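A.B. asks: Here is how the chains run, residue by residue.
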Amino acid sequence: DVKVTQSSRYLVKRTGEKVFLECVQDMDHENMFWYRQDPGLGLRLIYFSYDVKMKEKGDIPEGYSVSREKKERFSLILESASTNQTSMYLCASSFAASPYNSPLHFGNGTRLTVT
Amino acid sequence: QKEVEQNSGPLSVPEGAIASLNCTYSDRGSQSFFWYRQYSGKSPELIMFIYSNGDKEDGRFTAQLNKASQYVSLLIRDSQPSDSATYLCAVNQGAQKLVFGQGTRLTINP
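Chains as they are written, first to last, in the numbering used here: chain H, 15 to 129; chain Y, 143 to 252.
By construction, these hints were calculated from the structure, which means they are not laboratory data.
Just so we're clear, the structure is a prediction, and the values are computed from it rather than from any experiment.
One or more hints might be untrue.
Listed next, the stretches of chain H that the computed footprint assigns to chain Y, with coverage defined by at least 3 CB atoms under 8 Å from CB atoms of chain Y [unchecked claim]:
1) 50 to 56
2) 59 to 66
3) 114 to 122
C-beta: ideal position from N, C-alpha, C; glycine also.
Let's have the full structure, built from the sequences with the hints guiding it.
C.D. replies: Below, the structure written as structure tokens:
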């Protein structure tokens, strides 16, 4: 069974802090993703990575960066947290299938509050 | 026009009836379609995926895809209270990305 583990379930940070959200998957998936989920806005893609040290911007990358030094680990970094980054953050992974996409497997989520 | 559209609901269905959830998408090149279920406070979990036109059945769930109409639906037969959740439709955008609809909140009434 695929396991995607996010390091924290709940986080409270102050405005201006640098925040690290960590995600680890154990299924040797090539692709890893970071989404945020907000009421009324659904799931929005922040960044994704299809290989080690590779990254692609999603739909809302502003204020975020990512790091993928190892295949199993994908980190989301908030360089200077702001209150509008208060949200549920979801990490996901998938195989690099072709021609059809393989399903995403999600972690349990990190609920981040920035005060 | 949003890339993936769902009626946000809430959709209320009596127990034992068929729940029908709908999703339209804008990219004619999309080939991969997914339905996820999300309980309140939990992360999305995959229910079904479909790649070809027509129907795909898995237990009480049936996914239906019509690429000409750019329409994908999920039918839940013999609805149970445990089916009460938000259902997310996801469609591929290019080789690796999925785009999600806002989700439809479904309530099954005993």
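A.B. asks: All hints, please: hold or fail.
C.D. replies: Okay, the hints, checked on the actual structure:
no.	hint	in the structure
1	50 to 56	holds (count 3)
2	59 to 66	holds (count 3)
3	114 to 122	holds (count 8)
Hint check: no violations occur; every hint is consistent with the structure.
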